[in-house]
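There are 2 protein chains.
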Amino acid sequence: MTELKNDRLIRALLRQPVDVTPVWMMRQAGRYLPEYRATRKQAGSFMQLCTSPELACEVTLQPLARFPLDAAILFSDILTIPDAMGLGLYFSEGEGPRFKHPVRTEEQIATLGVPDPEQELRYVMDAVRLIRKELDGRVPLIGFSGSPWTLATYMVEGGSSKDFRTIKAMLYERPELLDQLLDTVADAVTLYLNAQIRAGAQTVMIFDTWGGALTPSDYCHFSLKPMERIINSLQREHEGQRIPVILFTKNGGQWLEAMTDTGADALGLDWTTDLSDARRRVGDQVALQGNLDPSVLYASPAHIREQVAKVLASFGAGSGHVFNLGHGIHPGIKPEHAGAMIEAVHELSRPYHA
Amino acid sequence: MTELKNDRLIRALLRQPVDVTPVWMMRQAGRYLPEYRATRKQAGSFMQLCTSPELACEVTLQPLARFPLDAAILFSDILTIPDAMGLGLYFSEGEGPRFKHPVRTEEQIATLGVPDPEQELRYVMDAVRLIRKELDGRVPLIGFSGSPWTLATYMVEGGSSKDFRTIKAMLYERPELLDQLLDTVADAVTLYLNAQIRAGAQTVMIFDTWGGALTPSDYCHFSLKPMERIINSLQREHEGQRIPVILFTKNGGQWLEAMTDTGADALGLDWTTDLSDARRRVGDQVALQGNLDPSVLYASPAHIREQVAKVLASFGAGSGHVFNLGHGIHPGIKPEHAGAMIEAVHELSRPYHA
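Residue numbers (my numbering), protein chains in the order written: chain H, 1 to 354; chain W, 1 to 354.
If a hint is listed, it holds; no wrong ones were tucked in.
Same chains, same names: a pair is fine if it fits in one copy or spans any two.
Each computed DSS-like pair below joins lysine-lysine, with the alpha-carbon atoms no more than 27 Å apart:
| id | residue 1 | residue 2 |
| --- | --- | --- |
| 1 | K162 | K225 |
| 2 | K250 | K310 |
| 3 | K310 | K162 |
| 4 | K250 | K225 |
| 5 | K162 | K250 |
| 6 | K41 | K100 |
| 7 | K41 | K162 |
Think of the hints as simulated: they come from the structure by calculation, not from any bench.
For reference, chain H alone in the conformation it holds in the complex (with noise of 0.2 Å):
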């Protein structure tokens, strides 16, 4: 494996000195980029973009062509093991991400099979091997998953959901069943994420989009504990690099104590925690990876400059910080305001780490 010529993010994700503080922004590859809509537009459609290795490398190093960001993230969905689990993931205008073939009774969800990454999810492991040799070391490749919370919740109420009403349901009524469905989809993040790994991701975040959405009693047991056991079951190490791994509850700023004890080596936080409070909670145990307001972006570049510098000042010196958006990048954005926080927190980070 070629060595990497910028492993900033990997060595802040492990709380390692850097000169600069690392940046990238989720959904970084994505439709703010006119060469992404353009991608996305020959593909025909977003599953066929997410299932073509060669458009998915292609569209995951668009930003790199513009920015210099510091770290390359898979292009791909969320909702592909679902997919891969025979679900019919299909996108309807207007209405985000449905499934033809939600799962919600006992019997559908004891014969859920577990895909097998190197086979129903080859275009993703293929995707991720073509990506590294594009990338040949530049910066590192952030492999991911959806939590099995997140996941579910798309599975169960067969795409996006305001209130969660029938996974909730379930929760209430049948806990031990959608026990059942988190064991079986954690199984399956673990073997996706390892799969990820071995084929060339450098380090790996899970996303748990929905998890906020819970009681803090619920949150604990069925988001937390599935994630915490595939973090005990990933590899960590792989060509004698340490693979860190990153957790994100979006809107789980009052858990970071519990989400702490998971053992992953960063924890994401959006824009409601403050990182010095948050780094106060957390203390040496991991990295902090955040949390300027996606909605910044759409002011002007010199104010986006001062946002930077007050989520930076917030964090304060020394090495374990990520920068980040709290969230996705919205779609409106222009690409030079991106561009403008990417160079500002290598401008400004440079006293914090001196």
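Knowing the structure of chain H, use the given hints to seat chain W on it.
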């Protein structure tokens, strides 16, 4: 004024002893009730329902005819104030509330008038007076307003928003302009709530639906500070009775300490914070209101009862708890499920007040 026959709500908000925990539901007069849907249809439009004191009174009282609730809450919309300011509120199918004339420029903000509640919002005050008369002291009447930040998001965006792009650009680029807007809205809210109190509201609640979309420091400056200014200007006694103030920031669980310092009598909580933790954090300074996940009501009555028991146990013994959902009741809930919750609260809370 008639003596209150059931004063549990007021007593609990003031942390005085009660026989059982009082209970009401956000949006208890709403679409989950067939009788509400019938009156709404008869009114012709949602705004006609809001602006008719007779119909607003009718729907306010509907849930009390069904359930042994411990409070009535004025039926109205949070956007009556900006509508009275001339922004032209209307409701478009599937899009929610919209304003014909959003407020964005310096000039628009400078010329914004503060409505006289007994003139431009007289229909609300007439509804309050009529409801008080019809209630005849059965239970207290809760008045309410949206928070300045929450109202400002609709006024600047022109409607609902996912990312608050326009108001957040204003926040970062022209904070002094946003301050000016929030000052005007806070003045309007103060007059509005004081007028409701004089018209007969026996407690008032400030709904800060969107404060949780801010960073901690922006929340303190742009949402909490204006609410604190309002609370300090409210008439806290009327006709010899103390008027408790309830403050509710959705997704504000990380900021309870700061909310406690506003001088509010009670804090509303959504379901992402444990009542036991919250009680430990706020001490004896405020009462707590909440916090059953509204999606629990999708489960069966037996399971609803279990979850009610957990919320009651989480608060524990003693007064200072008003049972509520953590957010408005969903339109798809069966009325008898709401009934099961209310019954369970009264029945299961008795030992905690022995």
